[in-house]
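Peer 1: Sequence:
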Amino acid sequence: MLVLPDGCLKRLKMHCEKRPMLLIVDEAQPTFGRCGSLFCFEAHGVVPDIMSLSKTLWHGMPLSAVVTSNKIAEKTASVNFLFYTTHVNDPLPCAAGSKVIDIVIRDDLVQNSKNMGSLFRSELEHLRKNYNQIGDIRGRGLMTGVEIIDPKTKHTDVVLAGRLADKMMELGLSANLIRVPPFGGVFRIAPPITIPRKEIMLGASTFAKSFKELLG
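Heads up: the sequence shown begins at 40 in the numbering used here, then just goes up one per residue.
It is worth saying that the hints were derived from the structure and are not from the lab.
Hints may contain errors.
[Said to hold, decoys possible] SDA-like cross-link-like pairs, simulated, lysine to any residue; straight-line CA separation at most 25 Å:
1) Lys-193 with Lys-206
2) Lys-237 with Ala-214
3) Lys-110 with Gln-150
4) Lys-110 with Leu-48
5) Lys-94 with Lys-248
6) Lys-193 with Pro-231
[To be verified] DEER-style ranges, computed between Cβ atoms:
7) Pro-235 with Lys-191: 53 to 59 Å
8) Pro-130 with Glu-238: 20 to 26 Å
9) Thr-124 with Ser-161: 24 to 30 Å
10) Asp-147 with Val-198: 22 to 28 Å
11) Glu-56 with Arg-227: 49 to 55 Å
12) Tyr-170 with Glu-56: 14 to 20 Å
Small disclaimer: the values here were computed from a predicted structure and weren't measured.
Think of the CB as a built atom: it goes at the ideal place given N, C-alpha and C, for glycine as much as any other residue.
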């Protein structure tokens, strides 16, 4: 999991407009607060031409969406493009998706994501001072990537990361480890945006305990 550098998306948008091309972003996972803003692209000061939504929109219901501007929608209609699926506009999933958005805004879950993500990464930074097997710590909001490395080579250490993941599971923490090259050796952590401070601290302490039990 990588975080786009500041200015990257703006520059990409600029090059798209020069061509001309459309900028399409996949907001399936980071949107509705996951990355500390309602939409991930907001953090970059760019509005895409088209975006896709799904995972964080439906919360258990079969729902996804493609969102665009009136101008693009009118253009596609003028050339007889038909966007259609068997279950388009099903009322139950749409009602669930609408309620999800209402709750995210009502309960200020975007701010909670931003605060809890910062807290979690600060705990990880503190842990890194004691264990040089922790490489890069990156993320926004409640999306965090943690590299496990070989201190000598600075390359990701998939074996050690696997041992740590197994130890965390043994201690009661399910940590999503990417084990497949070329992304291996990175924990990809994205808890629910409703998570309270108590559970963030519990997760961070369990993360630390796994290091202590394996590495001393």
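Peer 1: Each of the hints needs a verdict: does it hold here or not?
Peer 2: Okay, the hints, checked on the actual structure:
Taking the CA atoms of Lys-193 and Lys-206, the gap is near 22 Å; set against the 25 Å cutoff, the hint holds. This hinted pair checks out: Lys-237 and Ala-214 have alpha carbons roughly 17 Å apart, not beyond 25 Å. This hinted pair does not check out: Lys-110 and Gln-150 have alpha carbons roughly 32 Å apart, beyond 25 Å. The hinted pair formed by Lys-110 and Leu-48 meets the criterion: a straight-line CA distance of about 22 Å does not exceed 25 Å.
Restraint check: the Cα-Cα separation between Lys-94 and Lys-248 comes to about 31 Å, which exceeds 25 Å; the hinted pair is violated. About 31 Å separates the Cα atoms of Lys-193 and Pro-231, which puts this hinted pair outside 25 Å; it is violated. For the pair Pro-235 and Lys-191, the supplied restraint of 53 to 59 Å is violated, since their beta-carbon distance comes to about 39 Å. The hinted window of 20 to 26 Å between Pro-130 and Glu-238 is violated, with their beta carbons roughly 34 Å apart.
Against the hinted window of 24 to 30 Å, the Cβ-Cβ separation of Thr-124 and Ser-161 comes to about 43 Å, which falls outside the hint. For Asp-147 and Val-198, the hinted distance range of 22 to 28 Å is not satisfied, since their beta carbons lie about 42 Å from each other. Distance hint for Glu-56 and Arg-227: a CB-CB separation of about 32 Å, inconsistent with the stated range 49 to 55 Å. For Tyr-170 and Glu-56, the hinted distance range of 14 to 20 Å is not satisfied, since their beta carbons lie about 45 Å from each other.
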